[in-house]
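With chain A held as given, fit chain B onto it using these hints.
In the order they appear, the protein sequences are chains A and B. Going by my numbering, the first residue of the first sequence is number 36, and it counts up by one from there. Going by my numbering, the first residue of the second sequence is number 2, and it counts up by one from there.
Treat the hints as calculated values from the structure; they're not laboratory data. Warning: the hint list may mix true and false statements.
Covered stretches of chain A, as calculated for chain B (at least 3 residues, CB under 8 angstroms) [said to hold, decoys possible]: (1) 193 to 200; (2) 249 to 263.
Partial selection, computed: residues in chain B whose CB lies under 7 angstroms from chain A [to be verified]: (3) Ala13; (4) Tyr77; (5) Pro79; (6) Gly102; (7) Pro107.
Don't be surprised by glycine CBs; every beta carbon is placed ideally from N, CA and C.
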Amino acid sequence: MSDILQETFREELQELLADLEGGLLKLEESPSDSESVNRVFRALHTIKGSGALAGFDRLAGFTHHVEALFEDVRSGSIEVSSVLIDLTLQAQDTIQALAADEDSVSQQDIASLVEHLGGLQVDIIDAVVSEEETARDDMPATVGSHSTFWVRFRPPVDVFERGLDPANLVRELTRMGDARVSAGYDAPASFEDFEPTACHVVWNILLTTAQSTIDIQDLFIFVEDESELGIELLDDSGRLNLEQAWQAWLPLFEAGKKPTAEDVNSIIAQNDEPVPEHNGPERRSMTPDRRQAATDRRQESGSGDDAARVAASVRVRSERLDKLVDLIGELVTVQARLKQVSTTISDVDLERISEEVEQLTWELRDEVLSIRMVPIGSTFNRFARQVRDLARELGKDVQLLTSGGDTELDKTVIERLSDPVLHLLRNAIDHGLELPEQRSAAGKPVKGSIRLSAFQSGASVLVEVRDDGRGLNYDWIRERAEEKGMLQPGEDFNQVGVWELISSAGFSTSEAITSISGRGVGLDVVRKAIEDLRGTVEVESSSGEGTCFRVKLPLTLAIIDGLLVRIGRERFVMPLAQVEEIIEQNRTDVERQHGRDLLHIRDEIVPYLHLRREFGINGRIPDIEQVIIANLDGFRLGFAVDEVIGEHQTVIKSLGRMYRDIPGLSGATVLGDGSLALILDLPALMRLEESRSRQDGNLVPVTTQTFS
Amino acid sequence: MNNRILVVDDSATVRQSVSMALDRAGYPNQQAVDGQDALEKLSTESFGMIITDINMPNLDGFGLIQRARKMDKTQYIPILVLTTESSDEVKSRGKAAGATGWIVKPFKANQLLKVVKMVLG
Numbered sequence: 036m037s038d039i040l041q042e043t044f045r046e047e048l049q050e051l052l053a054d055l056e057g058g059l060l061k062l063e064e065s066p067s068d069s070e071s072v073n074r075v076f077r078a079l080h081t082i083k084g085s086g087a088l089a090g091f092d093r094l095a096g097f098t099h100h101v102e103a104l105f106e107d108v109r110s111g112s113i114e115v116s117s118v119l120i121d122l123t124l125q126a127q128d129t130i131q132a133l134a135a136d137e138d139s140v141s142q143q144d145i146a147s148l149v150e151h152l153g154g155l156q157v158d159i160i161d162a163v164v165s166e167e168e169t170a171r172d173d174m175p176a177t178v179g180s181h182s183t184f185w186v187r188f189r190p191p192v193d194v195f196e197r198g199l200d201p202a203n204l205v206r207e208l209t210r211m212g213d214a215r216v217s218a219g220y221d222a223p224a225s226f227e228d229f230e231p232t233a234c235h236v237v238w239n240i241l242l243t244t245a246q247s248t249i250d251i252q253d254l255f256i257f258v259e260d261e262s263e264l265g266i267e268l269l270d271d272s273g274r275l276n277l278e279q280a281w282q283a284w285l286p287l288f289e290a291g292k293k294p295t296a297e298d299v300n301s302i303i304a305q306n307d308e309p310v311p312e313h314n315g316p317e318r319r320s321m322t323p324d325r326r327q328a329a330t331d332r333r334q335e336s337g338s339g340d341d342a343a344r345v346a347a348s349v350r351v352r353s354e355r356l357d358k359l360v361d362l363i364g365e366l367v368t369v370q371a372r373l374k375q376v377s378t379t380i381s382d383v384d385l386e387r388i389s390e391e392v393e394q395l396t397w398e399l400r401d402e403v404l405s406i407r408m409v410p411i412g413s414t415f416n417r418f419a420r421q422v423r424d425l426a427r428e429l430g431k432d433v434q435l436l437t438s439g440g441d442t443e444l445d446k447t448v449i450e451r452l453s454d455p456v457l458h459l460l461r462n463a464i465d466h467g468l469e470l471p472e473q474r475s476a477a478g479k480p481v482k483g484s485i486r487l488s489a490f491q492s493g494a495s496v497l498v499e500v501r502d503d504g505r506g507l508n509y510d511w512i513r514e515r516a517e518e519k520g521m522l523q524p525g526e527d528f529n530q531v532g533v534w535e536l537i538s539s540a541g542f543s544t545s546e547a548i549t550s551i552s553g554r555g556v557g558l559d560v561v562r563k564a565i566e567d568l569r570g571t572v573e574v575e576s577s578s579g580e581g582t583c584f585r586v587k588l589p590l591t592l593a594i595i596d597g598l599l600v601r602i603g604r605e606r607f608v609m610p611l612a613q614v615e616e617i618i619e620q621n622r623t624d625v626e627r628q629h630g631r632d633l634l635h636i637r638d639e640i641v642p643y644l645h646l647r648r649e650f651g652i653n654g655r656i657p658d659i660e661q662v663i664i665a666n667l668d669g670f671r672l673g674f675a676v677d678e679v680i681g682e683h684q685t686v687i688k689s690l691g692r693m694y695r696d697i698p699g700l701s702g703a704t705v706l707g708d709g710s711l712a713l714i715l716d717l718p719a720l721m722r723l724e725e726s727r728s729r730q731d732g733n734l735v736p737v738t739t740q741t742f743s
Numbered sequence: 002m003n004n005r006i007l008v009v010d011d012s013a014t015v016r017q018s019v020s021m022a023l024d025r026a027g028y029p030n031q032q033a034v035d036g037q038d039a040l041e042k043l044s045t046e047s048f049g050m051i052i053t054d055i056n057m058p059n060l061d062g063f064g065l066i067q068r069a070r071k072m073d074k075t076q077y078i079p080i081l082v083l084t085t086e087s088s089d090e091v092k093s094r095g096k097a098a099g100a101t102g103w104i105v106k107p108f109k110a111n112q113l114l115k116v117v118k119m120v121l122g
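So that you can see chain A by itself, here it is in the shape it has in the complex (with noise of 0.2 angstroms):
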């Protein structure tokens, strides 16, 4: 059986998997839901009906006395028990197994769960794989010697409404032997019943063939119910003259007449030689263009699977995504150079050529971004196990409720977003979410619950991991922070900076942190791996109440659309989505406020930040600045530099590990002309303003409104 097909189902195995288990999980809360006894057992049909046909025979037998099992479930012959769901997830992680390897699993194992499972079922069924189909298919066909049927085929009135073409299935008659063919007009009585659509011809066919009754009836399954079938034997001795018999009963056939055994006879005395025993006799098909054309098409397809190939979809290895991308950014770069270069020679002919080559060069880019885009619902169907898993083994009772499951993000994102998140909804059972005994005490549902969504913000992602738990401990945080250094005593901790306290390596103590989610990981090794992801991480929580984490990620990681900026002789990038508008700024006009630059924008006050002075950058200022209004989750920052260049295509690189820890850049990236523009993280910029603003203790709200 071939590996493309087994990689496949071994693909596909993980979402029905995924999908057997979110059944069983949930039928493990309302074990009466009909839909989730019928999403499982669908799960097992699909399983074993693919298993068998990618050729994992062993898995293909082991699902199918699960898959009995949930029928009697769904028929009411067994009720769900812990038992059941229990043994099912243990089913489900040998088919896993058996997928991986079908060798893996030995046949003592399997043997006893298929009896630990046939034990629920009220009366063992020894069930056998359906092959009532195949082995018509597999039985030799009666050969003997040829015999000569009348076949009379009138097909039902809407047979082309069905998209049948009766034609085609007595060409396929008359290719079982050698066949004679009339086709009859059976008209409407009357002009006015005549419908165009309808089929009225009536087909008498005289065959000489080795196959049966049976194998003529079977070409016509599809229609027998409604056609007019007759299929007659006439002879049996092989001696029959077919074209003699052919001219002599024509009209009989077409009086709907069967020739009696003594026509039949007649025929034979005529001639009395037997007919020679045929492998290719000729016949006389309908239309010989078509038969040969389909010869061909045999013929090509013998020498060219590859070339019949070319319509179907194809799978590839995702590291040749990966290498596609990085292409991608070199050709970007490239690209950039290549415009700049034709800027400077002024050569309309290669201007247009770049203008070209750029053009293509972004289609490109985004085509092959989005065939990255997966959605993220897959790896939230992975976390529902471990979350009842983990529930269960620290004594909580734990539902955890998913929406947002289309969202799509780059399939790189997500494979590394996994871990984090899976984090950080081990942290909310362990910490968040309180024992039943303390819920019920605090007048809360005893079932706590976690909710774990996706949405698309623009050019980012959201995640979030909300708990309805007791929130997170303040007064612990401000000691501890204290404790650290971290906080001066009595200084206020908005909610941005307490997940930089919480997450800050070594923040936590082996005390607040149980076997759980103390295993080795603290919440610093999920800041760490969203910052590689460029995300961010929010937190929310009020006490007793809840705390939510929202991760907020880019859509990808490679590239972005960028806006170049000048200060000095440095050039930097801007992510472009961050942007909102550049203002002119004219140095005379600036204004001071409690140490801290100000802009008016239409009656609004927007506080900016001078880029030349955060990087230490000498030289003179411009008289006439621009400054970039960024919009960063709501807030609205400027960003003062000398001048906008304008759009650019970032590829990311990123930094050595000499600049990776300078606050305010993500990344850097090569322009076109070689050099290096580095990549300003604009968030990170905001908090710095604002934690030193606080240090001069004249914190001035940043002005907050809605934006369309």
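The following block gives chain B in isolation, referenced to the frame of chain A:
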């Protein structure tokens, strides 16, 4: 005559195995993951035949057949149903919707090709 076949099934394994069988016999083919996806492909591309599963998300096989029978391009093309159960109920519902015929899963490649050849001529 157009002998390009659209294979509609939400199971990638089934799609792939049907597609591989068709490839081997030289029938060009395309895959769709559910009824909705199939309708989109039918509206932009041209096919001489459809092989479809019944139980699918978004739009099931019956729905797909009904819609396809209302489209000019696919009004008269053969539509085969891939069913897991060959119950009379499925057959008669399929016929009512306008299905040409059925293939019972799990099927063998030869069986499938026999039916395809029979219907497509």
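(request) Determine which of the earlier numbered hints do not hold for this structure and return their numbers in increasing order. (result) none
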